[in-house]
Structures are given as structure tokens and as C-alpha cells.
Amino acid sequence: MRARIHTLWSALFLNERPTRGEVLLFLLLVNVIHDGYFAFTQPLSGFLESDAFSPIALGITPRGWVAFFPESWVLSHTLYQAVGLIAFLSSLLWMFKRCLPWAAMVCALAHGLQISLEESLMFNYKHQALPGVTLLILYAGLYTLRHASFSNALREKRFWSSKLYPQWVFALVVAYVGLLYSSAGMIKILLGGADSVDGLTLQMLLFRASPSQSLESLAWFAKPIVQYRLMATASMFAAVLLETGAVVAFMVPWLRRYWALGLVVMQTSILLTLGIPFKIHIALLIWIALPFGAWLEALGAWMRDRGWSIRLERESIGWHAIYRLIYAVDVLGILSPVAPREYASK
Amino acid sequence: MNHRQSEENPYPVSPPRMAEQIFVALCFAALLILPPIFIEPFPLSAIPMFAIPRHEIHIYNLTDSNGKELNRDQYGLRTNVNVYLEHFYGARFPESLVAPLDREPDMERVLSNIRVLGNRNGAAFPLRLTSKVYGAVDDQTVGLIRSRSWMVSAEGMD
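Here the protein sequences line up with chains C and P, keeping their order. Taking the numbering used here, I'd label the letters of the first sequence as residues 789 to 1134. Taking the numbering used here, I'd label the letters of the second sequence as residues 4 to 161.
Bound-form chain P, shown alone (with noise of 0.2 Å):
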């Protein structure tokens, strides 16, 4: 406490004890050193969401042959912009076969998971799976630029 302080202040107020110098030069500490040490500690994380370039995003849409939309996380479909983030997720979802999600991925493996999993939950044969690709179409914008589509049959592709 300094004179002027003391002038102003008729209650005194104590030096600052050992205890509380202590938690102040813990807190500084912990700012610098945990985060290095540990990459993802609740709660001192800063792992940034959209940290990753993204120059073209593929989106997935499959079909069952009633046109009934079947979910993407569950055929592997999942084209999150955060995908380097889902390792911390508390529930776990099925594995993203289409990661990372600007280049082509293995198709014949993603659309062999499909018909495995349209059997295994019944789904109406033939799925139609549409790949919608996104990125720059000229110099100013994005949108649209290509897109491809598969036939998926019970027992093959089509």
C-alpha cells in the first residue's frame, strides 16, 4: 500500500500475504506453461475452430430409392470443417469416411461401407450417393463446380 493509497483509503488494508503472492505467481505460471504441456486440458484450451485451409469442401447426400434422405454420420459421410477437433467430442459417431475434406476421397471403401450398413439396416435398395464439390468458380466468389452421383445396389454398384 502506498502513501497516496493510505491517504485515501481510512481502512487499511494488509500487505498481501505469502499465500495470495503465491496464487497470483501459480496463475501467471499456469497461463504459460499448461497450454504447452498439455493440448487440450478443460479448461485452458485454445485450440481454434476453422483453423485449417479449406479450398474446396466436398458435401455428401445419399438417398434411399423412396428418396428418403438416410443420415450422413452414419454412413461416414460427415464433412465437418472441424474434423481435426472431433478427436475431443465427448459422444463418439461413426468414423468419417470422406476426411479430410478437400480431396477425393476412397470411394470404392466409402461406397462398400454404404451397402454394408443399407443392409445391415434395411434401408431400400438401390441408395443414390450425390458428391457436390464447392470452391472458387473465378476470382471474386465460390459456388458450385462440380458435382457426381453412384448407384449403390444391395449386392454391388451399379
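Here chain C stands alone, though its shape is the one from the complex (with noise of 0.2 Å):
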């Protein structure tokens, strides 16, 4: 038993290529990007249409990391925006691996102030907001204890050719995911016992959420589901099934797959009838699922063998600063100078 504990923990600490990780790293900057940006350029008018500013609110309690700031900077525009442009500069030299790892603890730290002050404001909850932050923690906890091999491989453009990834990423953000929506399924069971997988209750919710409550104006998904309490039974039994057992199927690799994609047409059928983005969820639902660094591998491997890379020259001084930030997100290889060989797929 010890030995295979041993043996299971060393394999976290085995590395592989950057693709697959950086490809989530990439969509989660991405999201971070556009939340950044838009509190930055927010003006004060949206800003005021807070629900903390609305006439009948009766004041704010601060809410996560921002718990203990004192009301009136939660309720600073100014503050807001400013967090919001750190986070989108961050974010931005973090994609561009630049001023590494700082960039990358700036802009977790940002991004979850962000969203906290975000929500000290709301008469709502965002707790579809909050696996991006927890992942940006790890990916920066990533950055910063594997700095030197990752900015040496940079230096020397062998980022995306070499082995130096660990694959203990892949396995927390799995662990992570699989727990997020088993303790959300054993939730529901504690709470709703029987009937948490009672069709009517979905039924009810559905038509609650429709705009005049009547069967026309609910969103053409949710018809069938409203109309049929045996079709909304089945939806809500596989809801609950698909969430308790995330955390065991994950452990499965090939039932990873399947499970994900599973949840992949739970959240999508929650966004078509109830218009809830969980966009990042969905997103890592998809990284889960799919081998997107094998694809990607492939793809710039078979690119290359076609002589479809760009080669720009290194001592040409103009280009080089281009070069290094383009070299930063070519996940495909194709800007390379690494001899093809050394892409070449085992």
C-alpha cells in the first residue's frame, strides 16, 4: 500500500509537455482579459446600477477577500476599476510570459479581488466565477515554484518542445472539478433527500425563471422538460447522478471522458433554459474531456513536416522582441527554431 501511495504521488511529479496545460492556463487568461477590461472601462454610471447603491438597499456586508476592507473602498469606483486594470495588464504579461512569476501571483491575486469586490456589491451570487480564481492560485503556485526551468526553456525557445510540465496540474484541476461537483450533487441530497430528484421541483424552477411564468414564454429547451414530469425526472435524476459521482468517475480515465462530457450537456442545458453561463466550467468540463495538447501537437507536427512554419531570424534586433512575445503562445511550434525532430511525437 505505501509502495503505491510512493509510486502514485511520483508520477504527479513526472513532467510532460506544456500544451495541454497551457491551453487551460490560456482560457482562463483569456476570461480574465475580458473581466479585467471591462471593470476597467466600466463608467461610473454602470458602476452606480450596483445592487449596493439601489435605493432600497440597506448597505453592504464585504464579501471574501475583500471582507475585511473597510465599506467605503468596496464602494470605491475608483478602487473597482483600478483592480480591474491590474488584473488586464497581469493578465496580458502573464499570456506573454513576461515579468514571470510576478505577473502570475499579481494577476490571481486581482482576479479574486475583483471578483470579491464584484460581489460585496451584489444581491446575487457568483459562485460560477470562483473556479477560475481557485485554478489561477495553482497555476500561479505553478509559475512561481517552476520558475527557473520555465524561464531558462523560454531563454532558450524550447518552451513548448521539452518535457517540463508537471503532471500534478492536470491531476489537482481534476481532483478540483470532481470535488466541486460531487460536495454541489451530496448538497443537493442532504437538503432535498428524496426529492432532490423529484421532476416537479425542476419543473417549478423552470417556470419561475421564465419571464410571465406561462408554458410560451419559457426558452424552447425548457418546454418539453415543463410539459413531460417523467422527462423532467429523468433530467433531474441524471443532474444529480452526474454531479455526486464526479469525483469517483474522474478517477476512472476512461470514464473521465464520458462523465465530463455528460456535465459538459448538464451545464449547457442549464445555460439554454435557465441562461446561467457557467462558462468556465463548461470550458474545463471540455479540457477534461478532450485531449486538446495531443491534438495540438499534432497539428503543429503535421504543419511543420509540411513546411508551414514561420521562421523569423533570431539576430534580427527589430524582430526580436516581437518574436519573444509571439514564441510565448505558440503552442503549435511554428515559430520554433528547435529542429523538427525534436517535436516528433514519441
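Hints should not be assumed to be uniformly reliable.
To be verified - Simulated DEER-style distance windows between Cβ atoms:
no.: 1; chain 1: C; residue 1: PRO858; chain 2: P; residue 2: ASN64; range: 17 to 25 Å
no.: 2; chain 1: C; residue 1: TRP1008; chain 2: P; residue 2: GLU107; range: 46 to 54 Å
no.: 3; chain 1: C; residue 1: GLN955; chain 2: P; residue 2: ASN74; range: 50 to 58 Å
no.: 4; chain 1: P; residue 1: ILE36; chain 2: C; residue 2: TRP797; range: 44 to 52 Å
What the hints assert, rightly or not - Here chain P is said to cover these stretches of chain C; the calculated rule only asks that three of the stretch's residues, wherever they fall, bring their Cβ under 8 Å from a Cβ of chain P:
no.: 5; stretch: 866–878
no.: 6; stretch: 1007–1018
Stated by the list, open to error - Here's a subset of chain C near chain P, in silico, CB distances under 10 Å, partners left out:
no.: 7; residue: SER798
no.: 8; residue: PRO831
no.: 9; residue: LEU832
no.: 10; residue: SER833
no.: 11; residue: ILE844
no.: 12; residue: LEU846
no.: 13; residue: LEU905
no.: 14; residue: GLU906
no.: 15; residue: GLU907
no.: 16; residue: ASN912
no.: 17; residue: LEU926
no.: 18; residue: THR989
no.: 19; residue: MET992
no.: 20; residue: SER1002
no.: 21; residue: ILE1110
no.: 22; residue: ILE1114
Hints are computed from structural coordinates only; laboratory data are not their basis. Cβ coordinates follow ideal geometry from the N, Cα and C atoms, glycine included.
Put the two chains together into one complex, using the hints given.
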């Protein structure tokens, strides 16, 4: 048993090419860039439309990382814009692998602060944003701990061809997503008991969410569920089963893909019926289900074999800075000066 | 790093440092330990929406004598299906007097609150409160199952 645990633990520190992990990081950073830009450019009039400034609001309770901030800070438009700007700039720097590892740490911190500030001003809940913050902390830890090997590989232009990305990144992301869904499923069972898979509850929720509480105003995807109890019960049962069993199913490699795709269907159904955009969840599940890393590596090799690589002269000083920036996101390896044989898959 | 890796990778990667092993161990421990200890610690929360079964939902509308719809949140008539999450919201709104959503509230208290707030806000009395109850209409689908209304004058209920 001890030997098996040791083997499993050691396997977490085996290295792979960064493609798979960097695809997810890229998606997370695009999300931060979008949110940071929105915060930085939001006019005061838009900021004042937050629930906290409603005439009927009785005040605020700062939430999350800003729980100990003075209320005046949380209600400050300037602070919100500044945090958004920092998140925006640091995510761009991280994406282009500049100012590391500081850009990574600042980006994770700024994005968490931004979400906390937004949540503190809402009469609502924003847990669909939580995985983004958690995973940025994870990646910031990776970039801090592996800073030396990453920066050497980037400087020597072998980042995309070297096996320097630890497998614990994938393992932790899968464990996190599995636990997130399983805890959600278990809480539903704890709170609802046998009724947690009751189709009537789902019908009532969809009906309540329709604009005028009528069958006609329901989203097209929701209509058959509200009209047929059996379909509603089957949908609710599938949702609770998929959620609760996620952490166990994700431990079985062959089952993980299908389970994650099942959860994608569930999240997409929520989007189509209730309009709640769990965009990070959907991206994460697709990333877990499909081997994007292997596909991109194969596509890059295929392009290089056909001579579709772009070679910029490294000696050209004018292009050097641009080349370094482009190399940081050259996931296909078509700009790399490293010989094609070094990219060849085993 | 195993033998196959060293063959494939011309650039040796040093074995994991103790700091990295501690970081990974802490991450796994945090995933398992923190959520049960803290109910709602951002960013580790996972309390799901729509977790409470609802077999009936009451929806309230309040209009003044001119037919203008008054704010349900302000008059304690909010029916949020995620009412159990309101405790975690940042902005604080007036308490809802009609929760939980699937049973009859204390209507005397609700109407008294409407009268007090209506007088305070200078509302155009009499106010008309309508309650619509949605639930199972048969063994297949859901819809309106009953409705009631009350008139609230400045001094009392009509």
C-alpha cells in the first residue's frame, strides 16, 4: 500500500510537454482579460447600477477577500477600476510570459479581488466565477515553483518542445472539478433527500425563471421538460447522479471523458433553459474530456512536416522583441527554431 | 524523471523540490479539508443553486391605486428560489416576509408591513396585493393553481 502511494505520488511529478496545461491557462487568462477590461472601462454610471447602490439597499457586507476592507473601499469606483486594470495588464503579461512569476501572482490576486468586490456589491451570488480564481492560484503556484526551468526554456526557445510541465497540474484540476461537482450533488441530496431528483422541482424552477410564468414564455429547450414530468424527473436524476459521482468517475481514466461530457451536456442545458453562463465550468469540462494537448501537438507536427513553419531570423534585432512575445503563445510550435525532430511525438 | 523521459527530452529537468511537493500536498489537503470547515470561504465554496425542492411557488404583486407596480423587494415580497443563499449576498436588501416560498406566510404580518411602508413612502392607497400560487396542475405539467388578493388601505385592510 505504502509503495503504491509512493508510486502514485512520484507519478504526479513526472513531466509532460506544456501544451495541455497551457491550453487551460490560456482560456483562464482570456477570461481575466475580458473581466479586467470590463471593470477598468466601466463608467461610473454603470458601477452605480450595482445592487448596493439601489435606493432600497440597507448597506453591504464585504465578501470574500475584501471581507476586512472598509466599506468605503468596497464602494469605491476608483478601486474597482484600478483592480480591473491590474488584472487586465498582469494577465496580458502572464499570457506573453513576461515579468514572471510576479505577473502570475498579481493576476491571481487581482482577479480574486475583482470577483470579491463584485460579489460584495451584488444582491446575488457569483459562484460560477470561483473555479477561475482557484485555478489561477494553482497556476501561479506552478509558475512560481518552476520559474527557473520555465524561464530557461523560454530563453532558449525550447519551452513548447520540452517536458517541463508536471502532471500534478492535470491531477489537481481534475480532483478540484470532481470535488466541486460531487460536493454540489451531495449538498442537494442532503437538503432535498428523495425530492432532490423530483421532476416537479425542476419544472417549478424553470417555470419560475420564465419571464411571465407561462408555457409560452419558456425557452424552447425548457418547454418539453415543463410539459412532461417524466422527462423532468429523468433530467433531474441525471443531473444529481452526474454531479454526485463526479469525483469517483474522474478517477477512472476511461470513464472520465464520458462523465465530463455528460456534465457538459448538463451545464449547456442550464445555459439554454435558465440562461446561467457557467462558461468556465464548460471550458474546464471540455478540457478534461478531450485531449486538446495531443491534438495541438499533432497539428503542429503536421504543419511543420509540410513546411508551414514561420522562421524569423533571431539575429534581426528589430524582430527580436516581437518574436519573444509571439513565441510565448506559439502553442503549435510553428515559430520555433528548434529542429522538427525534437517535436516528434514518441 | 524516468528513463524514457530522459531519452526524449534533451534538456534534463531536476527532480521536484521539497517546496513543490509541499505545495501540491497542501493543494490536495485544501480541497479535502477546507470546504467542510468553512461553509462559504471564497473562493472554495460549492453551495449549489436550486438545491431546495419546491413543489409550490407563491409569487406576489403589489400595485397602488394608479395601477403602478411597487417594488417587491422593498415591501418584503421577494420570492427568490435561492433564498437560502441570500445570507451570503454582499448587498443587504429588506427581509422577505413571504419566505419560505412553498407555504402560506403570516399574511397579517405581511399586510401590516405593506401598510407601514406604504405610509412611509407616500404610496397611493389603497394598495392591491395579489398572490399567485404555481404548482402541479396534473401529473404531467405545472401552472397556476390558485390566486388571492387583498386590498390594503392607509389605516387598515379592506
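Status of the hints after comparison with the structure:
1. Taking the beta carbon of each, PRO858 of chain C and ASN64 of chain P are about 39 Å apart, not inside 17 to 25 Å as hinted.
2. Against the hinted window of 46 to 54 Å, the Cβ-Cβ separation of TRP1008 of chain C and GLU107 of chain P comes to about 34 Å, which falls outside the hint.
3. A hinted range of 50 to 58 Å holds for the C-beta pair GLN955 of chain C and ASN74 of chain P, which are about 54 Å apart.
4. A C-beta distance of roughly 18 Å is found between ILE36 of chain P and TRP797 of chain C, which places it outside the suggested range of 44 to 52 Å.
5. With a threshold of 8 Å between beta carbons, the proposed coverage of the stretch 866–878 of chain C by chain P is violated, since 0 of its residues qualify and at least three are required.
6. Here's how the stretch 1007–1018 of chain C fares: 4 of its residues keep a CB closer than 8 Å to some CB of chain P, so the rule of at least three is met and the hint holds.
7. For SER798 of chain C, the shortest C-beta to C-beta distance to chain P is roughly 9 Å, which falls under 10 Å, so the interface hint holds.
8. Interface hint status for PRO831 of chain C: violated, as the beta-carbon distance to the closest one in chain P is roughly 20 Å, over 10 Å.
9. The beta carbon of LEU832 of chain C comes no nearer than 18 Å to any beta carbon in chain P, farther than 10 Å, and the hint placing it at the interface is violated.
10. Hint status for SER833 of chain C relative to chain P: violated, with the closest Cβ pair at about 18 Å, above 10 Å.
11. Taking 10 Å as the C-beta cut-off, the interface hint given for ILE844 of chain C holds, the closest approach to chain P being about 4 Å.
12. Contact between LEU846 of chain C and chain P, as hinted, is supported at the beta carbon level, the nearest pair being about 4 Å apart and thus within 10 Å.
13. Checking LEU905 of chain C against chain P: minimum C-beta separation of about 9 Å stays under 10 Å; hint holds.
14. This hint holds: GLU906 of chain C has a C-beta 8 Å from the nearest C-beta of chain P, less than the 10 Å allowed.
15. With a cut of 10 Å, the hint placing GLU907 of chain C at the interface with chain P holds, because the nearest CB-to-CB distance is about 5 Å.
16. With a least beta-carbon distance of about 6 Å to chain P, the hint placing ASN912 of chain C at the interface is held under the 10 Å criterion.
17. Interface restraint check for LEU926 of chain C: the shortest CB-CB distance to chain P comes to about 7 Å, inside 10 Å, so the restraint holds.
18. The interface hint given for THR989 of chain C is met, as the beta carbon of that residue sits about 4 Å from the closest beta carbon of chain P, less than 10 Å.
19. For the restraint placing MET992 of chain C at the interface with chain P, the shortest Cβ-Cβ distance is roughly 5 Å, inside the 10 Å limit, so the hint holds.
20. For SER1002 of chain C, the interface hint holds, since its Cβ comes within 10 Å of a Cβ in chain P; the closest pair sits about 8 Å apart.
21. The interface hint given for ILE1110 of chain C is violated, since its Cβ lies 25 Å from the closest Cβ of chain P, which is over the 10 Å cut-off.
22. Hint status for ILE1114 of chain C relative to chain P: violated, with the closest Cβ pair at about 22 Å, above 10 Å.
Of the numbered hints given earlier, the model fails hints 1, 2, 4, 5, 8, 9, 10, 21 and 22; all others are met.
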